[in-house]
Amino acid sequence: MKTPIYLDNHATTQMDPRVLSAMLPYFTDIYGNAASRNHEFGWAAEQAVDKARKQIADLIGATPREIIFTSGATESNNLAIKGIAEMYAEKGNHIITEATEHKAVLDTCKKLEKLGFRITYLPVMADGLIDLEMLKEAFTDKTILVSIMYANNELGVIQPVKEIGAMCRERGVLFHTDGVQAVGKIPVNVNADNIDVMSITAHKLYGPKGVGALYVRRKGPRVQLTAQMDGGGHERGMRSGTLNVPGIVGLGEACAICHAEMAEESAKLRALRDRLRNKLEAELDEVFINGSMEHRLPHNLNMSFAYVEGESLLMGINDIAVSSGSACTSATLEPSYVLKALGVGDDIAHSSIRFGIGRFNTVEEIDYVADKLIDVVKKLRELSPLYEMVKEGIDLSKIEWAAH
Amino acid sequence: MAYSDKVLDHYNNPRNVGSLDKNADNVGTGMVGAPECGDVMKLQIQVDDTTGIISDAKFKTFGCGSAIASSSLATEWLKGKTVDEALQISNTEIVNELSLPPVKIHCSVLAEDAIKAAINDYRTKQTKRVPVAEAVA
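Chains as they are written, first to last, in this note's numbering: chain A, 1 to 404; chain B, 1 to 137.
Bound-form chain B, shown alone (with noise of 0.2 angstroms):
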């Protein structure tokens, strides 16, 4: 399969490849996939407590060239937005800005469910405001 180039240069160049503190209340951590079926995001956020902005996103996922940029380019996309603003990040422009095969559409998916679990995990801890270790749901 020939892959377009922004996927391969998200595949070489990952950007914001890491971790951020599970446990810290202005960070939502999601996790999404399984490992039988190949792929598995962790997508994380940091959210500026006085702005409410993204101050930060990691990821790092298992899985294949697809699934790696669209996590790439979803921490990418993050970064700058309000949660709001971040909600609406959806699967098609994931996949037109990757021109991703219709084979590799899940990619996509999986990574706006990645996003919406990272943020659903912050909201959760704000509302609680309790700091809890569960980021691995």
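Chain A on its own, in the form it takes in the complex (with noise of 0.2 angstroms):
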């Protein structure tokens, strides 16, 4: 076993080889612009790009022309929600998204706001769903656009996608969301799920980074956005640039991977999690799961060590590659807005973990982050004063802290 171990894999994926092998003759041999219509090179580049398309669009069960390729998530998310807002401002001002979204999304809806849009953001229950209740309540007539993403990137949740989309449907409301932590990963359907606009990036199914698509309805309904670079007028209109060949190449043999290795992959790291998870809880007291278990992504845990904090915690496991919700590690120094969202308390937050297993993790890896992890704890709570007043019986929520 080789260390550092690497358990991020919501923050990033290790490529696989044989997505390497498949965009190295794209770099090289195979250099035409997708673009050029008069001669081979061209015809060359522009067929693996056609093929690229129908392996995404194969995976989440789209078509092939209504594949958009991106530059990545962050791209696809702004040019979803701004590319509609512009499109369709006539009709309406109002968009509905999540307390728990990425920053691509909100920072996105906070851009629109200052342009005039009103925008709700729709608080999470305690497990990390949003309540069905209050999106409908949410809608109005000037409603066009509901953002909500599939999977949480720190806390694994799944939302009810199927029904948020059936909801936007019924009312004539578009429906995006950010698909990065999920497609790949678990069953995504773009017919079953009632999505009309869907982001997706490489580097998060063990590709390239640099890539993305965004999936636009064609049908039912016509889904229309307005470019948010002006250019030749690739991709249908809707994303103009050079298209990015061998990305687009390992992009879509990453989908056509996860496509044939979904069912045995997923038992897998939902084993393994399970593993990590019940080692942990057999050997510490005080651990907490945040968001729900049931509701999950297989290769998520979110798991907070209480009264040990998050940055010392991760100091002492520094041959594992793993983050933390804690002000601590945080350009801001506030604690993980998503966390917060759940209404955990900040301390909670401090002292949170996110494992991301991927499909280079052994089970002896997972052993070796257990052991160490449980051995790290107990240490740090025998230094920490918090622990100590909890084993006095002292009740902590009674004290008057002297917040600084």
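If you're looking for bench data, these hints aren't it; they were derived computationally from the structure. Hints may be right or wrong, so weigh each one.
[Stated by the list, open to error] Just some of the chain A residues that point at chain B, by a computed CB distance under 10 angstroms:
| hint | residue |
| --- | --- |
| 1 | T63 |
| 2 | S312 |
| 3 | E364 |
| 4 | Y387 |
| 5 | L396 |
[Unchecked claim] Heads up, simulated BS3-like pairs for lysine-lysine below, C-alpha to C-alpha not over 30 angstroms straight-line:
| hint | chain 1 | residue 1 | chain 2 | residue 2 |
| --- | --- | --- | --- | --- |
| 6 | A | K379 | B | K128 |
| 7 | B | K128 | B | K79 |
| 8 | B | K22 | A | K379 |
[Stated by the list, open to error] Simulated restraints on C-beta separations:
| hint | chain 1 | residue 1 | chain 2 | residue 2 | range |
| --- | --- | --- | --- | --- | --- |
| 9 | A | I394 | B | L8 | 30 to 36 angstroms |
| 10 | A | E400 | B | D9 | 48 to 54 angstroms |
| 11 | A | D319 | B | E36 | 25 to 31 angstroms |
| 12 | A | F41 | B | L8 | 40 to 46 angstroms |
| 13 | A | P123 | B | D84 | 37 to 43 angstroms |
| 14 | A | D367 | B | D9 | 28 to 34 angstroms |
| 15 | A | K111 | B | D84 | 52 to 58 angstroms |
| 16 | B | N13 | A | A11 | 47 to 53 angstroms |
| 17 | A | D319 | B | T82 | 52 to 58 angstroms |
| 18 | A | T12 | B | D84 | 52 to 58 angstroms |
| 19 | A | M229 | B | N13 | 51 to 57 angstroms |
| 20 | A | P17 | B | N13 | 40 to 46 angstroms |
Where a beta carbon is used, it is the ideal one built from N, C-alpha and C, also for glycine.
Since each chain comes alone in its own frame, lean on the hints to assemble the complex.
Structure follows, in structure tokens:
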């Protein structure tokens, strides 16, 4: 077993060697511009792009012409939300999203707010899911778009996408979902799930960085969006710019592998995740799972180790790559807004660790991680005045802390 | 973030971890910070009645590595000092010794506050000269 061990697969994933092999010829031998219609170099590139379009479409139950290539999910989210807002501005100016979205969605919405759009940020319940009743009440006759992520990047919780999509469909409102964490990991079908627009990125599903896609429905309803970059009118006029052929080939191949291996892979990852959870819970008291365990990606675990601060915990496991919701690990010194949105105390957010298990992790690695974490948590609790007080029977919530 | 060798050393081998009898007359306890802010320090000093010198110091800290190192270092520095000398310890000395980056300066401030709170508690006890269980403030 090699260290460091990578368990941060919600941040990014290691590229699958099969994906790299598929990409390599397109850096050197097959270097044409897919938009060159008058010679073989262009045709070969276009053929590769078409194949990738089909591979992506097959994974999500779409048709190839509904796939628009972008530079990644941040661009896809921007294009979807701003593009729809601009296109449908005459119809209405109200957009509904959720408090625990990725910043690429939240900050895009904030930008639109400055331009005169009205945004509803739905809160989430204690399990991280939105309340469909609240969504129902949030619709107005000015609502043009609902943007709710498929699965959350910190908690791994899976939103009731199908029901959200149905509610949108009934009201003639478009439904965009940030599918970054879900696509390739769990079955996603744009028709069964009533999705109109969906963001995808390659590097979260064992593909290369810098390439992504936006699914844009063509029928029932036909979604239109205003391009956010001006240029040669590529991608049905929605996204100009010479196509990143090697990247697109990589995204396509990554999707094809996920499609073929999903059932087996998700069972394997779920077993590893449950093994990690069970070991930690068996050896440590006062550990909590953040977010719904029932509606959750199979490879995610988000746990709080009470009375231990997240950054000090990461220091003790410096040969293991994970993330923490602790303020100290963020640039803003604010604890994770996603955890705060669950209504858990800030202290629980400070004590949280996100594990993202991936294709290349092994049982041996999971056992090593569990053992090391148990060790470090015990050591830090020896150091923790809070743990000492709790063991003495003091109720921490009754103490008047001098906040600073 | 990269930690300085000294922060790593204190984190890996924290000095003077533990608790003193908070009810003893010659023990001063300082508890600063708040769980929702991500750091709580408990720092205790034990003062020799005859010499007025701090004979022992202990800490427990919930917080990041820099907070643990700041309080660990503080206990090292406290031992052997008189109470008045201890009051002279400033957060900038801690920052310099541990090479703390700007975002971690608050950890050193917290350590200085903990020292002052412990001394304040000790002095209050000395004037009252009655054992009181109010260490947790």
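For each hint, the structure was consulted:
1. At its closest, the beta carbon of T63/A sits 47 angstroms from a beta carbon of chain B; the interface hint therefore is violated under the 10 angstroms criterion.
2. Taking 10 angstroms as the C-beta cut-off, the interface hint given for S312/A holds, the closest approach to chain B being about 5 angstroms.
3. Checking E364/A against chain B by beta carbon gives a least distance of about 25 angstroms; that is not within 10 angstroms, so the hint is violated.
4. Because the beta carbon of Y387/A sits about 8 angstroms from the nearest beta carbon in chain B, less than 10 angstroms, this interface hint is met.
5. For L396/A, the interface hint holds, since its Cβ comes within 10 angstroms of a Cβ in chain B; the closest pair sits about 6 angstroms apart.
6. The hinted pair formed by K379/A and K128/B fails the criterion: a straight-line CA distance of about 37 angstroms is larger than 30 angstroms.
7. Simply put, K128/B and K79/B have alpha-carbon atoms about 24 angstroms apart, close enough for the 30 angstroms limit, and the pair holds.
8. Straight-line distance between C-alpha atoms of K22/B and K379/A comes to about 23 angstroms, which keeps the hinted pair within the 30 angstroms bound.
9. With their beta carbons about 32 angstroms apart, I394/A and L8/B fall inside the hinted range of 30 to 36 angstroms.
10. Remark: the range hint 48 to 54 angstroms for E400/A to D9/B is contradicted by a beta-carbon distance near 35 angstroms.
11. For D319/A and E36/B, the hinted distance range of 25 to 31 angstroms is satisfied, since their beta carbons lie about 30 angstroms from each other.
12. In this structure the supplied range 40 to 46 angstroms is violated for F41/A paired with L8/B, their Cβ-Cβ distance being about 55 angstroms.
13. At about 53 angstroms, the beta-carbon gap between P123/A and D84/B misses the expected band of 37 to 43 angstroms.
14. At roughly 29 angstroms, the beta-carbon separation of D367/A and D9/B lies within the given 28 to 34 angstroms, and the hint holds.
15. Checked against the given bound of 52 to 58 angstroms, the beta carbons of K111/A and D84/B, roughly 57 angstroms apart, stay inside it.
16. For N13/B and A11/A, the hinted distance range of 47 to 53 angstroms is not satisfied, since their beta carbons lie about 31 angstroms from each other.
17. In this structure the hint that D319/A and T82/B lie 52 to 58 angstroms apart at CB is violated, the actual value being about 44 angstroms.
18. Roughly 55 angstroms separates the CB atoms of T12/A and D84/B, a value that falls within the hinted 52 to 58 angstroms.
19. For M229/A paired with N13/B, a C-beta distance near 55 angstroms keeps the hint of 51 to 57 angstroms intact.
20. Taken as a hint, the range 40 to 46 angstroms holds for the pair P17/A and N13/B, whose Cβ atoms sit roughly 42 angstroms apart.
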